[in-house]
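Put together the whole structure using the sequences plus the hints.
Residue numbers (this note's numbering), protein chains in the order written: chain A, 1 to 350; chain V, 351 to 700.
It should be emphasised that the hints constitute simulated quantities derived from the structure, not laboratory data. Nothing here was measured: the structure is a model prediction, and the numbers come from that model. Hints should not be assumed to be uniformly reliable.
Far from chain A by the CB rule (all over 12 Å, computed), these chain V residues [what the hints assert, rightly or not]:
1. E410
2. V470
3. G515
4. D554
5. P572
6. D574
7. Y575
8. E585
9. G628
Covered stretches of chain A (in silico footprint by chain V; criterion: 3 or more residues with CB under 8 Å from a CB of chain V, positions within the stretch not fixed) [said to hold, decoys possible]:
10. 80-93
11. 149-159
12. 185-192
Don't be surprised by glycine CBs; every beta carbon is placed ideally from N, CA and C.
Number of protein chains: 2
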Amino acid sequence: MNELLHRASGRHNRFLRALKRLPVDTTPVWIMRQAGRYLPEYRATRERAGSFMNLCRSPELACEVTMQPIDRFDLDAAILFSDILTIPDAMGLGLDFVEGEGPRFARPIRSVDAINDLRVPDPLTSLRYVPDAVRTIRNALGGRVPLIGFAGSPWTLACYMVEGGPSERFAHIKQLMWDRPEALTRLLRVLTDSVREYLLAQADAGAQVLMLFDSWGGILAPEDYRRFSLPSLAELAASLRRDDLPVIVFSRGANTHLDALSQVGADALGLDWSIGLGDARRQTQDRIALQGNLDPAALYASPEALRNLVRRTLFDYGIGSGHIFNLGHGITPDVNPEQVRVLVETVHGA
Amino acid sequence: MNELLHRASGRHNRFLRALKRLPVDTTPVWIMRQAGRYLPEYRATRERAGSFMNLCRSPELACEVTMQPIDRFDLDAAILFSDILTIPDAMGLGLDFVEGEGPRFARPIRSVDAINDLRVPDPLTSLRYVPDAVRTIRNALGGRVPLIGFAGSPWTLACYMVEGGPSERFAHIKQLMWDRPEALTRLLRVLTDSVREYLLAQADAGAQVLMLFDSWGGILAPEDYRRFSLPSLAELAASLRRDDLPVIVFSRGANTHLDALSQVGADALGLDWSIGLGDARRQTQDRIALQGNLDPAALYASPEALRNLVRRTLFDYGIGSGHIFNLGHGITPDVNPEQVRVLVETVHGA
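Listed below in C-alpha cells is the structure:
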C-alpha cells in the first residue's frame with residue numbers, strides 16, 4: 001500500500017485511502033454493474049461478443065467493457081468485468097445464460113457423490129482467462145484508478161450450484177443444509193479453497209482490492225447464517241488480509257449481522273439501502289469502512305431529486321473518512337447514463 | 351374481549367390470549383396462506399370457482415377454503431380467504447390474475463389526475479362480498495377458533511396500483527415518491543381511509559382480529575419508510591385499537607424499524623426469519639406480541655429436521671406468553687400437507 005503515501009488526494013488514491021479510513025479530498029464513488037447494459041457502448045461490445053460468457057472469457061472484450069464507464073464518468077475504481085459463476089463453471093457444471101432468465105447450470109449438484117467429486121479448479125488453467133483479463137485491464141488503466149477483483153461467496157456459489165440457477169424458494173439448498181449439513185459443509189470447504197485460490201490469482205495478476213459478493217446471505221435465518229455463510233466469509237477475509245490485500249464484503253440482506261461482519265477482518269462492508277449508513281456505522285462502531293448504499297431506483301428520479309438523495313446518503317454517513325459511495329445493488333439496465341454523471345458529480349462536489 | 355376471561359386455555363382462546371400476552375396452555379399457531387394450493391381440497395374448490403377472483407367473490411367458496419385447513423389441522427386461528435388487492439379493484443383499476451404471473455391491473459395509476467379521481471370504496475356495496483364472506487365463515491367456525499380479517503397496507507396497495515402488478519424495480523412508485531411526494535401523500539390518504547372503512551366492515555361482520563400486510567415496506571430506505579409506510583400503519587393501528595380491535599402488523603423486511611413498529615399501537619408484529627425472535631423481543635422491549643417466524647423452506651426438510659427447526663424457533667422466543675407461531679412468509683404450493691401436521695403438532699407438543 002505504498003502508493004497511499006504518495007498523495008493524500010486525487011482520483012487514483014481516494015478509493016484505497018477511504019478503504020483504510022485515511023483522509024480523502026472527496027468521497028470516492030463506483031457503481032455495482034457500472035460496466036453494464038445501461039451503456040450503449042456496452043451493448044455494442046456485448047453484441048459483438050455473441051454471448052455473455054464469450055464476453056467474460058475474452059480478456060480483450062472484458063477489458064473493453066471494464067474501461068467504458070471509466071472513460072465516460074469520473075469514477076474512482078474499476079471493477080473486473082466477469083461473473084461470480086466462473087468457479088462452478090470451471091468445476092464442470094456447465095454454465096449458460098438464458099436470455100431474460102439468468103444463469104443456468106446444465107449439471108446442478110443434487111447428490112452427496114456429486115459434492116465429493118468436486119475439485120478446486122486451477123485458476124491458471126481452466127480459469128486463466130480471468131487473471132489474463134485482470135492484467136489486460138491494469139495495463140489499459142495505466143494507474144488512473146484502482147482495479148477491484150471479485151468472487152462470489154462460498155454460500156452464494158453453493159446456492160447457485162445446488163439450485164441450478166436463480167431461485168425463489170431455495171428448496172434444494174435448504175433441504176441439503178438441514179437434512180445433510182455435513183455434505184453442505186464439505187461443499188463450502190471446496191468452495192472456500194477455490195475462492196481463495198481464485199482471488200489470489202486475481203491479486204497476482206494486478207487486482208488491488210478484492211470483493212466478496214454474498215448475494216444470498218440474506219435468505220438464511222440468523223443461526224443458519226452464522227453456521228453456513230459467515231465462517232467462510234471470515235476465513236477468506238482473514239486469509240486475504242494476511243496477504244495485505246484490501247477486502248470488501250457485501251452480504252446482501254444480512255443487516256442482522258453487521259456487528260459480526262465488521263469483525264471478520266475485512267476493510268469495508270457493502271450495504272443495501274434498507275439500513276441507514278449512520279445506523280450501520282454505529283452498529284459497526286467505526287471499525288470498518290462502509291460502501292453503499294443508494295437505492296438504484298434513485299436513478300429513475302429527476303436529476304434534482306437524485307441530487308438530494310445522493311446528498312442524503314452522504315449526510316447519513318456523516319463526518320470522517322471511511323465511506324465509499326455506491327448503489328445498494330447493481331445499476332438497472334433501463335437507466336439513462338446521464339443520471340450516472342449527475343450522481344458522480346454530486347458525490348464529488350458535495 | 352370478554353371471551354378471554356372465560357378460559358385460560360384451549361383452542362378457542364390461545365391465539366387471542368397470546369395476542370394480549372396473557373398466559374396460554376401452549377403456543378398458538380396459524381400459517382400464512384394456510385388455505386392455499388398445497389392442499390388438494392383447495393385446488394379442487396379453486397378449479398370449481400373457475401378463477402381466483404371468483405373464489406374471493408363468492409362468500410360460500412371463500413368460506414369453504416377458509417375452513418379446509420381448520421378441519422384438517424389443529425390450527426389456532428382461521429384467516430379470511432381473500433386478497434389484499436380487493437380495495438384497488440373496487441376503486442375501478444380492473445384486477446386480473448394472470449396464471450403464473452400474479453395480479454395485474456388493467457388501469458394502473460400513472461398520473462396525478464388519476465390519483466385525484468380515486469374515491470374511498472363503500473365496503474357495504476362494491477366490497478360487500480368481503481363482509482358477507484366473514485359472516486359466512488364465522489357461522490361455519492361456530493366458535494372453534496377466532497377469525498382474522500386483513501387488508502394490505504396503504505403503502506403496499508400504492509405500490510401495486512402504481513406499478514400495475516408485482517415489480518422488481520418499483521421504478522414507477524419510487525419516481526412518484528421522489529418527484530411528486532405530495533401526490534403520493536394524497537394517494538396514501540385515500541388508501542388509509544379505504545383500509546380503515548374496509549377493516550371496520552370486516553370487524554362489524556365478525557372478524558375478531560385484524561392484520562395489516564405491509565408486504566413492500568422493506569423496499570424503502572429508512573427515511574422513506576418513516577415518511578411513506580410507517581405513518582399510515584400507525585394511524586390505522588391506533589384507530590382500530592381505539593375500537594378495541596386487536597391488530598397485527600406485518601411489515602416485511604422492515605427489521606430496521608422494529609422499535610418504531612412496536613410503538614404504533616398494534617398488539618402483535620409479524621416477522622420474517624431474517625431476525626431471531628429473541629433479538630426482536632429485546633429490540634421491541636417486550637412491548638408487543640411477536641408472530642412468526644419459521645422459514646417456509648423448513649417444510650421441505652425431513653420431518654425430524656422440521657421438528658428441530660420448530661423447536662429452535664420456540665426456544666429463540668423464550669419463556670413467557672406473547673408468541674404466535676407462524677411461518678415468516680406464506681406457505682409454498684409444493685409443500686406436502688403432512689409436513690404442516692408435523693409443524694402444528696410440534697408447536698403444541700413442545
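Evaluated hints:
1. E410: holds, 32 Å
2. V470: Correct as stated: the minimum Cβ-Cβ distance to chain A is 29 Å, above 12 Å.
3. G515: Given a closest Cβ separation of 16 Å, the condition holds.
4. D554: holds, 37 Å
5. P572: V/P572 is in fact no farther than 12 Å from some Cβ atom of chain A, at 5 Å.
6. D574: At roughly 8 Å from the nearest Cβ of chain A, V/D574 sits no farther out than 12 Å, so the non-interface label is violated.
7. Y575: The assertion about V/Y575 is violated, with a minimum of 9 Å to chain A.
8. E585: holds, 23 Å
9. G628: violated, 9 Å
10. 80-93: Coverage by chain V is violated for the segment 80-93 of chain A (0 residues, Cβ < 8 Å).
11. 149-159: With 0 residues in contact (Cβ-Cβ under 8 Å with chain V), the coverage given for the segment 149-159 of chain A is violated.
12. 185-192: This one is violated; 0 residues, fewer than the three required, reach chain V with a Cβ under 8 Å.
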